[in-house]
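From first to last, the protein sequence lines stand for chains A and B. Quick note on our numbering: the first sequence kicks off at 72 and runs consecutively. Quick note on our numbering: the second sequence kicks off at 72 and runs consecutively.
Please keep in mind that the hints were generated in silico from the structure rather than gathered at the bench. Possibly wrong hints are sitting among the right ones.
Chain copies aren't distinguished; within one or between two, either way the pair holds.
Said to hold, decoys possible - Taking lysine to aspartate or glutamate pairs in the DMTMM-like style, the calculated list, with each CA pair at most 20 Å apart, reads:
1. Lys163 to Glu146
2. Lys284 to Glu221
3. Lys284 to Asp232
4. Lys284 to Glu233
5. Lys120 to Asp247
6. Lys266 to Glu166
7. Lys266 to Glu254
8. Lys266 to Asp241
9. Lys266 to Asp194
Number of protein chains: 2
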Amino acid sequence: MADLARPARRGLMLILSSPSGAGKSTLTRTLSQKETNLDLSISVTTRGKRPSEIDGVHYRFIDRDAFDLLRQRDELLEWAEVHGNGYGTPRKPVEEALKAGRDVLFDIDYQGTQQILEKAREDVVAIFILPPSMAELRSRLVRRAEDAPEVIARRLDNARDEIARWSVYDYVIVNDDLGAAYESVRAILVAERLKRSRAVGMADFVETLLAEKVS
Amino acid sequence: MADLARPARRGLMLILSSPSGAGKSTLTRTLSQKETNLDLSISVTTRGKRPSEIDGVHYRFIDRDAFDLLRQRDELLEWAEVHGNGYGTPRKPVEEALKAGRDVLFDIDYQGTQQILEKAREDVVAIFILPPSMAELRSRLVRRAEDAPEVIARRLDNARDEIARWSVYDYVIVNDDLGAAYESVRAILVAERLKRSRAVGMADFVETLLAEKVS
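Whole structure, please, built from the sequences with the hints as guidance.
Set out below in structure tokens:
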């Protein structure tokens, strides 16, 4: 059955949050490209699909009735309404992944993180990425050259709101070097996979070990 | 004062336990050689110094009165009597290291681990190293060629007692490859250093960040 030297373990939910510009998107992309056994969580949304988006890749696009039904049945690990559109994370695919020993990566904000923590504390590993300074965060947003000055000002205000929630998280990384921040996130993932509390196959493994006739 | 991008943190106690032959000594040695900011804990003992031993390096050699006084004053994080000799870990140098943000490495068994867990749960990261099989553990003890067959048989019996205590530990690593096991221990150390609960300087760091006048 299972590889004896790799006792079965329950998967975990790896949550990465940070203000816009602190490096979360790059870290998320790099992790999901480099890491095996790590699924990127796909949200459902009621908003219309944009031409560049693929259903089932960027979001699962569902109608309002389906969304409301998921909510009523408590089948969303977290959800939010933004500009009249519903967004949420269905519980079932995540639960299936965890049971199969696969990890799931979430790129969400502190509100979603708090909701998931309330529903599944033991399965969650929540990481917050901080910028080294607000000046550096601003420079990154300016260098990115995606936003008008007033949009950058708004992003900095939102960043302050997000940063103020750092204490919700299990781990806090100050991203003053993207490579080092990536290694930190990876070390957290490697370590959390080794937690005894997730090693659902370890009792059997040890039992087999102790039953070995060797002297 | 402190490097602003490196908020002060409280150190941690890294405990490595394993049955004899499972790789603990090699891992401990490699860690304390390669890792900066990780002190190897030095026990006190009442037993006589052997010619090859250096006071303050292998042990601190103290007399029975001094040992009993440490015990009575609850100044030992853990202690044991073995063949009429006292062994123990003084609390004070460890507490000083943790306060200064330095980590301390312990190579102790499950009994010592349990005592330290009772006294300082929040500061402890306890790792248990398992052999992939008892047959492999036996081969390693035989290859090591240090012990007579009856000693090896006794070590295997002791190993079974130790292994049965795996669930005391925070992390469990099956050592089927020493390099991989080392990387696992290192990832745990890196991750645990990033825990929000140890980041005693993070609240100040975030406050400074939020006070920055940037828009």
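Here is what the structure says about each hint:
1. For the homomeric pair Lys163 and Glu146, the shortest alpha-carbon distance inside one copy (7 Å) is at most 20 Å, but the shortest distance between copies (51 Å) is not.
2. Within a single copy, Lys284 and Glu221 get their C-alpha atoms only as close as 72 Å, which misses the 20 Å cut-off; across copies the closest is 16 Å, which meets it.
3. When the C-alpha separation of Lys284 and Asp232 is checked against a cutoff of 20 Å, the pair qualifies only between copies, where the shortest distance is 15 Å, while the shortest distance within a copy is 60 Å.
4. For a Cα distance limit of 20 Å, the shortest separation of Lys284 from Glu233 across copies, 17 Å, qualifies, whereas the shortest one inside one copy, 57 Å, does not.
5. In this assembly of identical chains, the alpha carbons of Lys120 and Asp247 never lie at most 20 Å apart, being 35 Å within a copy and 48 Å across copies at closest.
6. Taking the shortest alpha-carbon separations for Lys266 and Glu166, only the intra-copy value of 18 Å comes in at or below 20 Å, while the best inter-copy value is 25 Å.
7. Taking the shortest alpha-carbon separations for Lys266 and Glu254, both the intra-copy value of 19 Å and the inter-copy value of 15 Å come in at or below 20 Å.
8. Taking the shortest Cα distances, Lys266 and Asp241 sit within 20 Å of each other both inside one copy (14 Å) and across copies (6 Å).
9. With identical chains, the CA atoms of Lys266 and Asp194 are at most 20 Å apart both within one copy (11 Å) and between copies (16 Å).
Comparing the model with each numbered hint stated earlier shows that hint 5 is the single one that does not hold.
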